[in-house]
Amino acid sequence: MVNNILNSILVVLLLSVGAVAQSSDMELDIRMDSGFSQQDLSEMFSAVIEQDDSAQFFQITAENMSSGILRNNFVILEVHSEVFGTVLTAEQSSSGVFSLNPGGQITFSNLSITEISNLEIRGEPEFDLVITSNGRKLIQNLRRGYLIADDLFTINVRIEQDIMDNREILTQESTSFETALNESELVIETDREIVTELMGLNVSNEAPEFSWTGEENRSYRLVIVDTDRAQNTEALFSERFTREHSENDIRDEQAGVVLDVIAGQPSYQIPDRFAGLFEPGKTYAWQVQSSKQTVQDNFVQAYSDRLEFTTSFPIEGEIRELLVNIFGEERTNEFIENGLLLDQIQVDGVTYSKEEVLSILREMAGKIENNQLKVVS
Amino acid sequence: MKKIIITLVVIGAIITGIILMLSDGSESGYEVPVLNETDDEVAFVRRYVPSVTVTNVSYADSLQEVGRALISGDTLTTGNSGYAMVLFLDESIARVSPSSQMVIRSELNPERNLNLRTHVGMLLGGIFLDVETDPNREFEITTTRAVASVKGTRFGVTADDKIWVEEGEVEVTIRETGEVRSLGNKMYLQVEADGTVDSGELTDQELAELVDEYEILEGDLIERQMKIQFRNRSGDPVEEQIRVFEQSDSSNE
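Respectively, the protein sequence lines represent chains A and B.
For what it's worth, my numbering labels the leading residue of the first sequence as 1, then goes sequentially.
For what it's worth, my numbering labels the leading residue of the second sequence as 1, then goes sequentially.
These are calculated hints, taken from the structure and not from any lab test.
Values in this document were obtained by computation on a predicted structure and should not be read as measured data.
Note that CB positions come from ideal geometry on N, CA and C, so glycine has one too.
Be aware that a few hints might be false.
Stated by the list, open to error - Keeping only pairs whose Cα atoms sit at most 25 Å apart, straight-line, the calculated PhoX-like set for lysine-lysine is: (1) A/Lys282 / A/Lys354; (2) A/Lys354 / B/Lys227; (3) A/Lys282 / B/Lys227; (4) B/Lys162 / B/Lys186; (5) A/Lys354 / A/Lys137; (6) A/Lys367 / A/Lys354; (7) B/Lys227 / A/Lys367.
Said to hold, decoys possible - Each pair of labels, with its calculated beta carbon distance range: (8) B/Val180 / A/Asn370: 51 to 61 Å; (9) A/Thr213 / B/Glu239: 29 to 39 Å; (10) B/Glu239 / A/Glu82: 51 to 61 Å; (11) A/Ser377 / B/Thr38: 47 to 57 Å; (12) A/Asn370 / B/Asn185: 15 to 25 Å; (13) B/Gln64 / A/Glu308: 37 to 47 Å; (14) A/Glu330 / B/Val66: 29 to 39 Å; (15) B/Glu223 / A/Asn182: 50 to 60 Å; (16) A/Asn182 / B/Lys227: 42 to 52 Å; (17) A/Glu279 / B/Glu65: 40 to 50 Å; (18) B/Ile222 / A/Glu279: 51 to 61 Å; (19) B/Gly195 / A/Gly317: 45 to 55 Å.
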């Protein structure tokens, strides 16, 4: 009789637990930290794997909204990528199983408890981690610093309740965030001052060095084009960068390709064997390309801006004679001693450079010789 | 700085003028002409390349534009690169070379529209003239040791007593001796410091060189502002500004 009564009470209790165990009874919330960005992706995975809460990436909060006790609750977390599929699953082991009294609340930062109220818990929560092979590849590629590409990540969280060794989903929630290829990663930065320096270079006896901003020990392709010779500079660059680089095809004088070389660092010093590659008074354009790998194992091309510089004229030979006509011997020698190079000429507000400089100086010299022009300094 | 230069030019002109006048008086063969001078305009600066300065007792003006009127007694000075073309009322033309200085005096006709008697005292540098032919008018250039009188010709005079003739005829009086010599086409005369006189005929090349010096004044001049940009070793621009005066294209046609 007593046994019957006890069994009846147990059934009633079980039924009452079953009645409480409805998703609406447990309010579950998961949200990404407000400061989270895709750059934190690698660290977020590390925090989950290592159950590290030193930096918060997401927060999970569960609250018992019912008037009864919600017992024996487990947290199960899954990170899913649209590209990679399931990345990892973290399932709470028997340690840290918690029961929430009415109004009781538990908050996880990543997978570590940060706040509790009105609950019973047995030990610290521990999670069994399963990383899929695709997930492992993603996490490794992230750690290698490969570019984060377009993807949609979803963090699914569910709370399961252990009732008589049976797991039942009490509630589940998810949050998503998108990642995208950062366009700025496709730009190789260049310091504009390099252009100024190139314009101060005496190309008749100095070999220029091209430099840009980028990682050391990365492969960069540098293409330099003679814009005066190239029929279509834009198309020529495009064609060179599309074509696979070949050590047997680093110059094409006819087409205007001054140099097409691979640099193993973010700079390239024109070697001595290319002495005389650049001529005074000509305009050259140069651009750098580098391949970058994404976490999805694709390659994208990063480019520098296309920069142009016009080489200046050393004050020697004819240029010297022409300048002597205007400035006299002494002043011209001062220019030479100061290492000046002739760049351009402006006449009544109109600027002339390159070969126009020479023709203007020659014309002036002719007029000076014929006493048709006088220079008043 | 500019004022100091102008002041020095004025003082120099006055001192040189005084010396010239004193020497005029001391020479036996030549008498300084007495002109009936007024404050009327006797000539205009038709073209110039800076610097050109016009000075008189009460002013010292650096020329900024063409058309400057000259009155009798003005001293015209050209700088190292300066040129001036002076057009007299009688359409005689004087082209002045760089580093020159001269005192211009002229007597006008009663109508004040023609130069009857013009006297140019060369103090420094050189001058190349086109003097209109007119027996009723007189045009004289004096240097320290010579006086060139002309009735219509193209000729040049330098302050160091050289007179040369491209075409026409010039009568030269050697001031020390009063000797008078006549120079015709392509002839020259040089009075040396010791009073000796060298004269002869110019070769075509010598004549061309003398005339070419004044070529810049043979056409209207355009002033151009030029900036010549250099790059220093760092690639930074270094700019030199110059002014050039060149004959306009229409002048060469």
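Hint check:
no.: 1; hint: A/Lys282 / A/Lys354; result: holds, 6 Å
no.: 2; hint: A/Lys354 / B/Lys227; result: holds, 15 Å
no.: 3; hint: A/Lys282 / B/Lys227; result: holds, 20 Å
no.: 4; hint: B/Lys162 / B/Lys186; result: holds, 13 Å
no.: 5; hint: A/Lys354 / A/Lys137; result: violated, 55 Å
no.: 6; hint: A/Lys367 / A/Lys354; result: holds, 21 Å
no.: 7; hint: B/Lys227 / A/Lys367; result: holds, 18 Å
no.: 8; hint: B/Val180 / A/Asn370: 51 to 61 Å; result: violated, 37 Å
no.: 9; hint: A/Thr213 / B/Glu239: 29 to 39 Å; result: holds, 31 Å
no.: 10; hint: B/Glu239 / A/Glu82: 51 to 61 Å; result: holds, 60 Å
no.: 11; hint: A/Ser377 / B/Thr38: 47 to 57 Å; result: violated, 39 Å
no.: 12; hint: A/Asn370 / B/Asn185: 15 to 25 Å; result: holds, 24 Å
no.: 13; hint: B/Gln64 / A/Glu308: 37 to 47 Å; result: holds, 42 Å
no.: 14; hint: A/Glu330 / B/Val66: 29 to 39 Å; result: holds, 32 Å
no.: 15; hint: B/Glu223 / A/Asn182: 50 to 60 Å; result: holds, 57 Å
no.: 16; hint: A/Asn182 / B/Lys227: 42 to 52 Å; result: holds, 44 Å
no.: 17; hint: A/Glu279 / B/Glu65: 40 to 50 Å; result: holds, 44 Å
no.: 18; hint: B/Ile222 / A/Glu279: 51 to 61 Å; result: violated, 33 Å
no.: 19; hint: B/Gly195 / A/Gly317: 45 to 55 Å; result: holds, 50 Å
In the structure shown, a violation is registered for the earlier hints numbered 5, 8, 11 and 18, in ascending order.
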